[in-house]
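Chains as they are written, first to last, in the UniProt record's numbering: chain A, 1 to 525; chain B, 1 to 525.
Mixed in with the good hints there might be a few duds.
Stated by the list, open to error - Not everything, but these chain B residues come out facing chain A in the computed CB check (under 8 Å):
no. : residue
1   : His110
2   : Ser210
3   : Asp243
4   : Ala295
5   : Pro415
Don't read these hints as lab results, they were simulated from the structure.
Beta carbons are placed, not taken as given, at the ideal position from N, Cα and C, and that holds for glycine.
Number of protein chains: 2
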Amino acid sequence: MTKIELYDTTLRDGAQGEGVNFSLEDKIAIARRLDDMGFDFVEGGFPGSNPKDAEFFQRLAKEPLKHSKACAFGMTRRKGVKPADDPGLQSLVASEAPVITIVGKTSDFHVAEVLRVSEQENLDMIAETIAYFVSIGREVIYDCEHFFDGWKSNPAYAAKTIQAAADAGAMRIVMCDTNGGSLPEEIAQLTKEAAAAVAVPLGIHTHNDSELAIANTLAAVDAGAIQVQGTINGLGERCGNADLISAAANLALKKTGYQVLDPERIARLAELSGYVYEIGNLLRRNNQPFVGPSAFAHKGGMHVAAVNRVAHSYEHIPPESVGNERRVLVSELSGRSNIIATTTKMGLAEDKDLMARVLEEVVNRENRGYQYEAAEASFALLVRRLAGTFTPHFDLEKYHVTSENRGGAHAHEGPLTEATVKLLVAGEVEHRVAEGDGPINALDGALRKALKDHYPNLAKMSLVDYKVRVINSEAATAASVRVVIESRDADGQTWGTVGVDENVIQASWEALCDSIEYKLCKDEA
Amino acid sequence: MTKIELYDTTLRDGAQGEGVNFSLEDKIAIARRLDDMGFDFVEGGFPGSNPKDAEFFQRLAKEPLKHSKACAFGMTRRKGVKPADDPGLQSLVASEAPVITIVGKTSDFHVAEVLRVSEQENLDMIAETIAYFVSIGREVIYDCEHFFDGWKSNPAYAAKTIQAAADAGAMRIVMCDTNGGSLPEEIAQLTKEAAAAVAVPLGIHTHNDSELAIANTLAAVDAGAIQVQGTINGLGERCGNADLISAAANLALKKTGYQVLDPERIARLAELSGYVYEIGNLLRRNNQPFVGPSAFAHKGGMHVAAVNRVAHSYEHIPPESVGNERRVLVSELSGRSNIIATTTKMGLAEDKDLMARVLEEVVNRENRGYQYEAAEASFALLVRRLAGTFTPHFDLEKYHVTSENRGGAHAHEGPLTEATVKLLVAGEVEHRVAEGDGPINALDGALRKALKDHYPNLAKMSLVDYKVRVINSEAATAASVRVVIESRDADGQTWGTVGVDENVIQASWEALCDSIEYKLCKDEA
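This is chain A alone, in the form it adopts within the complex:
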């Protein structure tokens, strides 16, 4: 078995995708999830290009990843500058990332036309940059931009660039099909040639412009590459990068002789895929291979019994091997295994009848747009409600929100917003009013005012993230929305809650109330 390393660049190359925009907290959350999933390398960003990425690495320096090696991305030094004097390289030093990934030019054409330096200067830029980071104790991965185009046009020069990287101490040399235009047979051939030219282990980095990113990745691995770079869900510029979900699933389940993630983690790929879509507030691709909701959906009058009898006739792999499910039985996202895992954690798995009711309710709610992947607190409350062990800490009598924009010269200042909340709390009526920056903020303010005398601990809890997602977007402004709120306690613990409604105010109210109820239940436990 050959160990194949997975190198995730969702947070850097994936963030180049159209419509992809991760906040700092999003990036931290995804990095920790990838760490937990056992990815070998997690590329967190390009600290020289923006303060958000620089801050990301500061956060990781304080609390490092447990398993994955964090990688900071940057370019070779500028022409005619010493590494120690290059601000881009110094931002990589400042990142404290244990692995530095350096991209450099392979193609003589790009050296002359894009970089506009001599061929020798490019070789020096590669060698000196890598040697510099090695000298200060970092591991260096060298990404060869336009590797295949470069090798095809001038193999001798391309070989010199990777030789320079190898001699300077790069731990991996990664062949990038930068514009996504190569064919599998070319990838296979040139990977063999590269392997013959240098002793450093090779990696492969492909893009999907020809709809061949996965085939190209597999072709390179078959030809000797031992590292696969890609992104979760194939996010990335233009047509995206190789989807690490499909790459890992193919290597683990379809090809033989390769070791990637262990089977328990391969079985969590669907969950990982959904998590990244949710965190990034991105539209899921329903027919995504392996993990899409349609990937094991059977249509067209096929008997469920027939599918059950010879399941492998209609399914190239058992859906549960990647954490997916046959659509006819259970909803796609939460899935039976997640529900069992969660209720087991809550000590409720023995109660088969409760389990069945939880499963049914989750399916019902998912059909209405709920998702519990990022809302484990709402899920816990749902289970308690169904188990009959939940007593609400307050009841709603009424809320009322008004928002008025007085127009004219003030039209662009935004509206004045006020919310009133009337609750029944421990037998007392609490009727409070608050202004806010928007309807949800005003509601949150009034709700907290109504509860603070009864539950002073709520002051320790803060809302750290608020996300809104349109579900059936074709209904435009009449569409249902899903609101996901993330809250944090004074001790740093965070939890997510969810609400769904056609009205963003009501959906937010639901998620706000769940967040507060979860905190109050937690404090009692």
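Given the structure of chain A, go ahead and fit chain B onto it with the hints provided.
Same frame as chain A, now just chain B:
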């Protein structure tokens, strides 16, 4: 040059995709478009399975396709029944389709476990069905279900099934990777073995379950298959069929030695892709290879600078060769060069002073959370405002939104929401009120009421997508939100607008107003 036939099954296998539902008129329209595009075969449906497909062939019988051969799909005869007595086969006869495509079993396992007939009976079913249609003057294409799995498990029996089809007079034998689980190296090897077993030309029919449909198609062609089956945009059950757009583009533009559609028609692939999405009312996949709106979109600042200098560095083919176009995204990661490229396209690059003001304003707005990459209409309005060439079509006097949840038993029904809008339009005061499913829907309704008498064309425009994104999510419910709205005109043209505010109502109002202003400016131009 080897001629490779394109066999489109969008209207049959594609229609099995989740959410795909073509009306009779849709099917006719797509068939005629495929005919016009020069596809060799157009599979129109399964007339034995439903009246719509039967009617489709009656319509084509009255007015046949000009270039493409229409194919009707069906199964081998039932066991123990003569072809002339089989109702399914007789519906194929009645279709009057010049080509009959028959699917049959290749795998001994499926013969025994699914079909539940003897191995000899299966061979007879294949042979007699094909011979029957040949005897009445039809051409027959034989689709081998589970070809690769069947051949792997029992090559001798699989070979007998295709020999039976060949002897009975099939014009093509099509190897189907029915569950989408095969790898390119397996496809290549078994295609060679099949070619050695029969003299009839081979076809390939793949599914994308392993994200290898295109690679598998190309592998089969390289190994000798001369017909490619697939669907436009890869529509189809589970993860979809091979996308004929990608297959044709790769064969025509990337591989050598194959002749498919002529270059003028390859240059209309983007148009064809969009047409099928529109007719089917399906969500476009933005990062679709070759033809997606993101396929030649450049976001990273470094790349954009280089693209303008040497376009082919970051584009594997010229976008216009498939009828697509280069797009430069205005985004936080990009910087100056992207904005210059966009304003150049608008014909404003000469005005250096305006350019500087646009750049400054975009930077300011991006710092406040605006993003223009999916909001090109808001960007165009921004440029016009700065250029002094924009005159608003209405002015806001006031809007007022209220939302009330009366609690108690009704707490979970959600609030009642009402919006009033008071505008100054062409010197008249318009003051209207609407209820809605939520605050934005109510505002949209009142705004349209206030404008409809002045601008009746607005009735032709609809909102097709509404997205909300929290920007500085660490401020939780006081965070700014970015709203992006996508609108569509009666002619199918779409445009995006953006609004940012701490109040989701105000942000939505801004995006709504930009959308309407853009439509009104567009109609005047």
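Evaluated hints:
Because the smallest distance between the Cβ of His110 (chain B) and any Cβ of chain A comes to about 7 Å, under 8 Å, the interface hint for this residue holds. For Ser210 (chain B), the interface hint holds, the least distance from its beta-carbon to any beta-carbon of chain A being 6 Å, beneath 8 Å. This hint holds: Asp243 (chain B) has a C-beta 7 Å from the nearest C-beta of chain A, less than the 8 Å allowed. Among the interface hints, the one on Ala295 (chain B) holds; its C-beta lies about 5 Å from the nearest C-beta in chain A, closer than the 8 Å criterion.
With its C-beta approaching chain A no nearer than about 6 Å, Pro415 (chain B) sits inside the 8 Å limit, and its interface hint holds.
The structure meets every hint from the earlier list without exception.
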